[in-house]
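All chains should be modelled from the sequences, with the hints used to inform the complete structure.
The listed protein sequences correspond, in order, to chains X and R. Under this note's numbering, the first residue of the first sequence carries the number 116, and numbering increases by one thereafter. Under this note's numbering, the first residue of the second sequence carries the number 116, and numbering increases by one thereafter.
Where hints are given, some of them may not hold.
One copy or two, either will do: identical chains are not told apart, so a pair holds if it fits within one copy or between any two.
Claimed, not checked - Pairs of lysine-lysine residues, derived as DSS-like cross-links and limited to a Cα-Cα distance of at most 25 angstroms, are as follows:
#	residue 1	residue 2
1	K185	K258
2	K301	K258
3	K139	K275
4	K301	K187
5	K185	K295
Don't read these hints as lab results, they were simulated from the structure. Predicted model, so just to flag it, every value in this text is computed and none were measured.
There are 2 protein chains.
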Amino acid sequence: MGGDKAPAVVVDGAVQALAAAPGKLAVILVGAEDVLRRELDRYDLADLNLHVVNAPEVIGMDEAPAVAVKTKRQSSIHIGLGAHKEGRADAFVSAGNTGAVMAASLFILGRLPGVLRPTVPGFFPTTESFTVVLDVGANVDSKPEHLVQFAQMGKIYVEKVLHRENPAVALLNIGEEPGKGNEAVKMAYEILQQMPGLRFVGNIEGRDVMNHAADVIVCDGFTGNIMLKFGESVVAVLPKLLGAEMQAQRLGREDVETIQRVLAGVVRRFNYEEFGGSPLLGVDGNVLIAHGSSSARAIEQAILRAAEVVEQGVTASIADSFGA
Amino acid sequence: MGGDKAPAVVVDGAVQALAAAPGKLAVILVGAEDVLRRELDRYDLADLNLHVVNAPEVIGMDEAPAVAVKTKRQSSIHIGLGAHKEGRADAFVSAGNTGAVMAASLFILGRLPGVLRPTVPGFFPTTESFTVVLDVGANVDSKPEHLVQFAQMGKIYVEKVLHRENPAVALLNIGEEPGKGNEAVKMAYEILQQMPGLRFVGNIEGRDVMNHAADVIVCDGFTGNIMLKFGESVVAVLPKLLGAEMQAQRLGREDVETIQRVLAGVVRRFNYEEFGGSPLLGVDGNVLIAHGSSSARAIEQAILRAAEVVEQGVTASIADSFGA
Numbered sequence: 116m117g118g119d120k121a122p123a124v125v126v127d128g129a130v131q132a133l134a135a136a137p138g139k140l141a142v143i144l145v146g147a148e149d150v151l152r153r154e155l156d157r158y159d160l161a162d163l164n165l166h167v168v169n170a171p172e173v174i175g176m177d178e179a180p181a182v183a184v185k186t187k188r189q190s191s192i193h194i195g196l197g198a199h200k201e202g203r204a205d206a207f208v209s210a211g212n213t214g215a216v217m218a219a220s221l222f223i224l225g226r227l228p229g230v231l232r233p234t235v236p237g238f239f240p241t242t243e244s245f246t247v248v249l250d251v252g253a254n255v256d257s258k259p260e261h262l263v264q265f266a267q268m269g270k271i272y273v274e275k276v277l278h279r280e281n282p283a284v285a286l287l288n289i290g291e292e293p294g295k296g297n298e299a300v301k302m303a304y305e306i307l308q309q310m311p312g313l314r315f316v317g318n319i320e321g322r323d324v325m326n327h328a329a330d331v332i333v334c335d336g337f338t339g340n341i342m343l344k345f346g347e348s349v350v351a352v353l354p355k356l357l358g359a360e361m362q363a364q365r366l367g368r369e370d371v372e373t374i375q376r377v378l379a380g381v382v383r384r385f386n387y388e389e390f391g392g393s394p395l396l397g398v399d400g401n402v403l404i405a406h407g408s409s410s411a412r413a414i415e416q417a418i419l420r421a422a423e424v425v426e427q428g429v430t431a432s433i434a435d436s437f438g439a
Numbered sequence: 116m117g118g119d120k121a122p123a124v125v126v127d128g129a130v131q132a133l134a135a136a137p138g139k140l141a142v143i144l145v146g147a148e149d150v151l152r153r154e155l156d157r158y159d160l161a162d163l164n165l166h167v168v169n170a171p172e173v174i175g176m177d178e179a180p181a182v183a184v185k186t187k188r189q190s191s192i193h194i195g196l197g198a199h200k201e202g203r204a205d206a207f208v209s210a211g212n213t214g215a216v217m218a219a220s221l222f223i224l225g226r227l228p229g230v231l232r233p234t235v236p237g238f239f240p241t242t243e244s245f246t247v248v249l250d251v252g253a254n255v256d257s258k259p260e261h262l263v264q265f266a267q268m269g270k271i272y273v274e275k276v277l278h279r280e281n282p283a284v285a286l287l288n289i290g291e292e293p294g295k296g297n298e299a300v301k302m303a304y305e306i307l308q309q310m311p312g313l314r315f316v317g318n319i320e321g322r323d324v325m326n327h328a329a330d331v332i333v334c335d336g337f338t339g340n341i342m343l344k345f346g347e348s349v350v351a352v353l354p355k356l357l358g359a360e361m362q363a364q365r366l367g368r369e370d371v372e373t374i375q376r377v378l379a380g381v382v383r384r385f386n387y388e389e390f391g392g393s394p395l396l397g398v399d400g401n402v403l404i405a406h407g408s409s410s411a412r413a414i415e416q417a418i419l420r421a422a423e424v425v426e427q428g429v430t431a432s433i434a435d436s437f438g439a
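Right, here's the structure in full:
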């Protein structure tokens with residue numbers, strides 16, 4: 116029931132994911148059963164490993180997470196996470212209220228032993244491919260030890276799911292020299308520099324993110340969230356600015372179409388749909404958070420990414436790393 | 116002597132500024148006199164109100180500000196700021212080591228009474244025009260009362276120099292609702308909301324910056340600096356990404372040229388050169404900090420902007436506002 120275009124695109128995305136990985140997946144749709152059944156009328160379900168679990172309540176996108184999580188125990192978020200907790204599902208995917216998913220995950224699944232704060236990474240396109248920035252919104256006022264754990268969890272995710280060996284880990288800062296930045300970042304630098312098994316490449320600046328200065332970029336969730344949303348808006352504004360400029364230069368229809376085709380190719384690189392949702396790392400379970408404005412394609416990718424997180428044992432690796 | 120291309124472009128920019136405002140300006144070039152004289156050989160100085168003051172030392176772009184400011188008393192930064200302090204110049208402009216300019220300004224000019232921390236605003240292009248974000252690098256670990264002062268100084272600058280009446284002031288945050296964000300931002304919100312004479316429009320998110328959600332956007336210098344440099348890099352990377360896409364789509368030469376012409380028009384909006392440098396607000400004087408990679412055009416604009424800061428009495432307005 117989560118996301119701006121639910122439940123239609125969520126149902127479509129689930130069906131697409133099953134088609135993309137035939138025989139490998141089962142999907143349980145959690146939500147208002149009558150509504151979901153109506154959406155499913157569009158499909159021939161005979162060959163699809165698709166199930167429906169009824170959840171009569173819905174937590175709205177704008178509801179205060181703390182209140183909603185306490186009061187709406189029959190929401191799709193509660194019932195879905197409950198099914199995961201009880202082992203009836205291997206992972207939980209939601210495009211719903213991010214704060215509510217995080218709060219309910221903490222409440223129902225709990226943190227892994229040793230993890231101070233679970234974290235949500237964001238994906239940024241780079242000139243090479245893309246880089247992982249964490250945290251992007253779950254945590255504000257991060258202490259040095261939180262930043263260090265973000266680095267460790269980010270490294271495990273990049274190794275396991277993105278298959279990059281020994282990824283470069285950097286600290287996002289306002290200058291490259293050691294000793295730069297705020298108090299939390301200065302202390303995190305000292306700890307990261309001495310951490311065995313972590314390829315820490317030091318401080319990087321905002322301008323280095325898109326040049327792929329590192330595979331894992333660590334920052335407080337306040338800065339990460341603002342940078343992520345600012346970046347999304349630059350990409351959203353770009354077609355408008357190009358359009359205004361094309362008009363000012365009085366371009367013909369053919370030229371406009373050519374430019375739009377090239378721009379579409381560039382914008383595709385920035386497309387959150389292809390990143391398949393962000394894992395909530397550090398909870399005792401496998402939770403994928405999809406963008407609130409997810410399309411069917413984005414939901415499909417998030418489900419497939421969730422399956423990969425399960426297959427690659429990301430959560431067990433984090434547990435091993437922090438429990439040791 | 117400051118900036119990556121000094122002193123040639125600084126001399127060129129000074130000459131251009133004098134040509135742009137004939138009879139209204141005098142420019143004093145401060146630096147190694149022999150070097151400056153050689154650069155000036157390129158010009159006919161008879162009609163130019165241009166002067167040279169010798170400063171034998173140079174603070175390098177990568178020198179540690181605290182040390183350099185203490186030891187190099189004969190640097191162009193010291194001697195230029197000294198001339199301003201003594202009233203022989205109405206403003207000081209530098210494209211040099213930003214940290215050193217700020218440290219020396221505090222040391223030589225001092226803070227205005229009541230100002231807790233001077234601030235440097237950054238300029239962000241928007242769909243409408245541009246918006247002013249402060250702080251973008253002078254301050255980390257800002258307390259709520261610092262953020263509130265950034266709002267007050269930003270409002271004065273926008274009113275006086277950008278001639279926007281009663282500008283909208285917003286707090287950069289990870290959500291729009293009151294109560295969102297880190298501790299400093301939450302407390303700043305409470306104070307700003309009750310401040311008379313300030314049109315506070317509440318919290319805005321990273322995605323709202325380019326949509327011109329406010330004329331003045333307040334944040335800690337850590338987040339502001341990272342967002343500014345990240346934004347610059349997106350614009351720098353864009354031609355590369357478009358170039359790669361044009362190659363992938365095998366576009367002909369004419370199409371490539373058309374696209375490059377349109378792109379140039381868009382990139383111009385993001386061009387720091389046109390913003391004319393950032394004022395250091397809150398010190399007892401008029402200091403303009405130009406980009407380290409300033410072109411002659413950027414230096415010209417910074418000098419003209421400095422003249423405007425003087426003419427509009429920005430520093431006196433801040434002094435009035437905080438001294439009251």
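To see whether the hints hold, each was checked on the structure:
In this assembly of identical chains, the alpha carbons of K185 and K258 never lie at most 25 angstroms apart, being 27 angstroms within a copy and 33 angstroms across copies at closest. When the C-alpha separation of K301 and K258 is checked against a cutoff of 25 angstroms, the pair qualifies both within a copy, at 11 angstroms, and between copies, at 18 angstroms. For a Cα distance limit of 25 angstroms, the shortest separation of K139 from K275 inside one copy, 19 angstroms, qualifies, whereas the shortest one across copies, 65 angstroms, does not. Proximity of K301 to K187 under the C-alpha cut-off of 25 angstroms is found in neither arrangement, the shortest distances being 42 angstroms within a copy and 27 angstroms between copies.
Proximity of K185 and K295 under a CA criterion of 25 angstroms is satisfied inter-copy only: 19 angstroms between copies versus 42 angstroms inside one chain copy.
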